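Enquirer: Grab the two chains, each in its own frame, and use the hints to assemble them into the complex.
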Amino acid sequence: MSKEIRLLSTSAILGYGFPEASLKAGLDRDPHVIGVDGGSVDPGPHYLGSGKPFCSPMAIRRDLRLMLHAAIDKKIPMVIGTCGGAGGAPHLALVVSMVREIAREDGLHFKMAAIHAEQDKAELKRRVVAGTISSLAHQPPLTDATIDRATRIVGMMGPEPFITALDAGAQVVLAGRASDPAPWAAAVTRAQLPPAPGWYAGKMLECGATPAIPKGHDSLFVTVRDDHVECEPTNPARRCTPLSIANHSLHENSSPIHHIEPGGMLDTSDCRFDAVSDRAVRISGMRWNPADQYTVKLEGVELAGYRAICVCGTRDPMLIGRLDHFLDSVRGEVSTKASAFGVDPDAYQLGIRVYGRDGVMGAREPCRDALPHELGFVIEVVAHDNQEIASAVLGMARTNMLHTDFPGRLCREGNMAFPFSPSDIEVGPVYRFSVFHVAELDDPTELFPIEYETV
Amino acid sequence: MTLIRDAARVCKSKNAGPFELTIDVVFDDAETFRRVKATGVLCPALFARLYNVPEEHVLFTPYDAAFAFKATLPRLVPSGDFGDTDVYGCQQHAPLLDVDLPI
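Residue numbers (the working numbering), protein chains in the order written: chain A, 2 to 456; chain B, 1120 to 1222.
If we strip away everything but chain B, and leave its shape as in the complex, we get (with noise of 0.2 angstroms):
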């Protein structure tokens, strides 16, 4: 079993302007992005699942020269709506540090 929180080198969430969430997890070397990509594991349905979006919802893009994959969805409450949690959106990404890759 290998966690995204062991193989990742980055794994962070950030405001895209003040109604979308963007989502990056960046590993080390061009392997080891190869062996997750292969995987198939990281894809907009798991973000859709995570994040309780629709699927559609989420634009998922693979960066192959940062080694990086990004998901960028709306957020659950404009930032600084009332109800916002997150103004900055920089604490979203802890649902995947434990999501199992299967590398």
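Bound conformation, chain A alone (with noise of 0.2 angstroms):
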């Protein structure tokens, strides 16, 4: 038999959850390696910002705790990439220090490395001025201004840092904002396997059972050999056929045959998908085009002020047949009103979201002339500078959305029914992509710093 790693991801993210079954049944496999990824630029700019996880403590800990127990019992690895769902300090912090916890609590001992992915402003700075960071996604050029406004930025790493990391003897390797597929990527290559079927192994494993039907947030089992990659969820409710493998390299990417990691580009034009079983699916004639140039990601957000929002509801035919004078006005009576006690229009912005006309696709739109028989809406303002005036304007919004005369306004006691007392919301701090740059590097682990430490 021709060498192959066997590679266990136990659900989509950490915190996800997954049925214990589906670990055991993984775990009687003999895997090499058990991971899972951490998190995702997808939930938007407020994790990065914050500094909170995507996922809360609690699920972490479930998750966290069953798979050191698997990894420690089999001696073998435990990998997790983009801790805390953004992969920043604090959020690789948190799940190092759950860790932490749960070996004290249960008595395991392993030697860990936390691998750092937050940068250094200052270094970054350096790098614009020598002229090795580009624009991704027609961003504007990265500039000293942007950095300094940012909140945090955070590289993006490929396998290499995995690789240090466990060939210094790693038993748990956490890191900071890497690549999806680069734990997997790097165990493939630790075990001198080819990169292409490596990093199509990560592309599937980072995702736990999403390859699989029906989907769920469940584990993944691979294989990966010299020229190919079989997979199959170890939940036999699951299976991955053909076109389930097929369809997942078209999940989050620009393109579904040319996806762009550190260092190189995996196509997969040519792949070839077959069953193996009415369970499992070999993939074959992915192709790895090593870059010129190895290049990181780096994701950064700024703040963009304070929030407050608000939610209601009508349900007057009058006011829907002229919904859009109705906020006209409103939007006039806040702007007085917020004037009269000292916020000038430029101090925030006011939304108000139609959900039953365009909440959801906004201008693109296409249905534009539905009379619904009632409407939503969500009132928002994001003040610039705190969250005391957000509030304030907010609270002005709402009222005038309460109270503002139309012309054949029968319901005179109110224009909209709120579900919630109070109805105002003070949702605070409020962030925006500001970096989605790239970084070359002439080390591909020289972001990413690594301490260890004997738990």
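Now the stretches of chain B that chain A is said to cover, found in silico as 3 or more residues with beta-carbon under 8 angstroms: (1) 1140–1146; (2) 1169–1179; (3) 1191–1198; (4) 1205–1211.
Listed next, the in silico SDA-like pairs over lysine to any residue satisfying Cα-Cα at most 25 angstroms (straight line): (5) B:Lys1131 <-> A:Arg354; (6) B:Lys1156 <-> A:Arg273; (7) B:Lys1131 <-> A:Arg369; (8) A:Lys75 <-> A:Leu28; (9) A:Lys338 <-> B:Phe1201; (10) A:Lys53 <-> A:Lys122; (11) A:Lys126 <-> A:Glu447.
It is worth saying that the hints were derived from the structure and are not from the lab. Computed from a predicted model, the values in this text were never measured in an experiment. Ideal Cβ placement from N, Cα and C applies to all residues, glycine included.
Expert: In structure tokens, the structure reads:
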């Protein structure tokens, strides 16, 4: 039998959960590495900005404990990338401290590596001067001002820092922001198997059982050999089919055939998908094209202001029939009355989202003529300076949504139904993506320092 | 008249990073995919029109192995910015559902 490495991913994200039976079924097949992806940029800029985890600490702890016991019992490494959802310093620190606590409570002992991904601003500025940072997705060039304004910037590491940590004997490897497949590609590289199936395996494993049907947050078992990858969900209620695997190449990527990663590009255009059983699929024909220059993506966010929101709805057909006029009147009243208490219109943004009309698609909504019997509203104010201004302007907007008169009005006690008391919610600081660039590296590990400890 | 909602097995949208939206239409089998592809209806111009973006901003890729068509285009507003309606970008597929495929 040719050389192979067996990899077990427990779920799509650390904290999404997985059935214990799925973990056990995976362990019964003697994986060489267990792991899970820890996060994603998909939930938006809040988590990177606030430093808070995307999944709850309770949910993360549950998954971590089961995985740690599995790794120690089986004497295999456990790898987790993008810890805590966004992979910044506070996110990594949270998961590191949880691992220490669980180990202490349960009497587990191992060598742990924590790989940092949060970036030093002065170092990034030096790289801007050196001309080694460029923009992605039509973003403006990175400047010192953008770096200074950023709340937090992370670099998205490739496999090399994981390889360093595993080579150093770490059994538990926790990383900040990482390319989702990177920890798996690292394990495959260390097994002296080629990068193409390694990256492909990582693309499947980073989402747990998502490449299987029915989709769900569950475990995926992948075997990598010299020229192919085999995927099988460990839960017998799920199965991988050639089509379910092929479709996963579409997931969250701009191209289904060209997947750009640190150090190269995974080309899946000539992949073959063959069923090896009714639940397992063999994928072959993937190619890895090494890049001339090694690059890592940078992600950063900056503070956009402070938000307050209010939810309400109307069942009044006269109001619904002249909604745009009504909303214009409300905006005018808010502007006048906020100015009267000293808040200039430049100090905030007022949004009135209309659910039942274009709340989901905004300006891209093609159906513009429907007259529904009721409409839902989310009123929001983002104030640039502080929460107090956001809440004050929102209060004025809510009052005027409730009481502003309109021609033909019969509902003279109030225009809006409010589901809650209090009706207004202080959301707190709001962030926006401000850095989406790539940095050229001489050494793939140079932005990602590793701390080791014996637990 | 065959609408995408009746002919496709999957019609979905999702973020491809914070600044782009990616839309997939997947068919059941090679034969349906081939017939849909032959109509030429699914093309960059269709996505440009439905999503109100210049055609040159649409990255359109038929993916034969998955019986799928993928189009990636700029988001209206970056994920989570003021005015964004869909942080995950997963509810932007509906304009495609009623596209007629003469197959």
